[in-house]
Amino acid sequence: GENVEQHPSTLSVQEGDSAVIKCTYSDSASNYFPWYKQELGKRPQLIIDIRSNVGEKKDQRIAVTLNKTAKHFSLHITETQPEDSAVYFCAAGKGGSNYKLTFGKGTLLTVNP
Amino acid sequence: GAVVSQHPSWVICKSGTSVKIECRSLDFQATTMFWYRQFPKQSLMLMATSNEGSKATYEQGVEKDKFLINHASLTLSTLTVTSAHPEDSSFYICSADGTSGYTGELFFGEGSRLTVL
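These protein sequence lines are chains A and B, in that order. Numbered according to my numbering, the first sequence spans residues 1 to 113. Numbered according to my numbering, the second sequence spans residues 1 to 117.
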């Protein structure tokens with residue numbers, strides 16, 4: 001099955017700095033890579049996703065890059081703000097009748113004012 | 001986006017009792033729903049895939065007789081924790097694919113925090 005590794009497990013940055021979270025996956029057939037943000041006690045919320053036919057996607061301060069050859073993808077948050085503080089999960093999945101997402105272990109991001 | 005509602009949001013029960021958690025897709029039909037379990041400060045672990053009108057597919061290590069899943073309609077899946085024990089205490093979250101067919105964005109319910117005394 002799919003195995004997703006996520007690093008770092010914790011990340012602390014100063015407000016205004018950039019934050020980068022990296023994930024690797026094992027199943028070369030995976031073709032969908034979303035990132036979720038989860039605040040304490042709340043449900044995960046999709047913040048950005050990328051499919052295997054695209055190498056990079058950006059949405060305002062958030063961007064995701066995908067390297068299919070190396071089987072890794074990264075989340076980039078620029079100009080971080082205190083409200084960006086949360087746990088971020090990457091995930092990998094593939095379509096078909098056995099579709100499911102496998103999540104990384106999460107990164108606790110703390111943005112210090 | 002699509003809305004998934006989960007109920008109850010928290011429940012406390014005595015050891016040995018059963019607890020049912022409901023997951024509803026409010027504004028779309030979900031052929032497939034997923035049940036996750038999340039321990040404090042840990043990741044989302046997929047327990048099972050719930051398919052409307054058929055048996056759920058359980059992940060390795062998940063007891064299907066303990067965690068009963070029923071997906072009787074395109075908008076409702078239920079998870080019943082039978083004969084609950086303190087080690088079953090956890091945060092249970094359901095999700096549904098908002099786009100039928102291919103891989104799509106998963107929309108999560110609010111989660112249900114189960115505490116077994």
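In case anyone wonders, no lab produced these hints; they're calculated from the structure. Among the hints, a few may not be true.
30 Å max Cα-Cα, derived BS3-like pairs, lysine-lysine [to be verified]:
no., chain 1, residue 1, chain 2, residue 2
1, A, K42, B, K20
2, B, K66, A, K68
3, B, K66, B, K55
Bear in mind the structure is a predicted one, so any value in this text is a computation, not a measurement.
Hints, verified against the model:
no., hint, result
1, K42(A) to K20(B), "holds (20 Å)"
2, K66(B) to K68(A), "violated (39 Å)"
3, K66(B) to K55(B), "holds (14 Å)"
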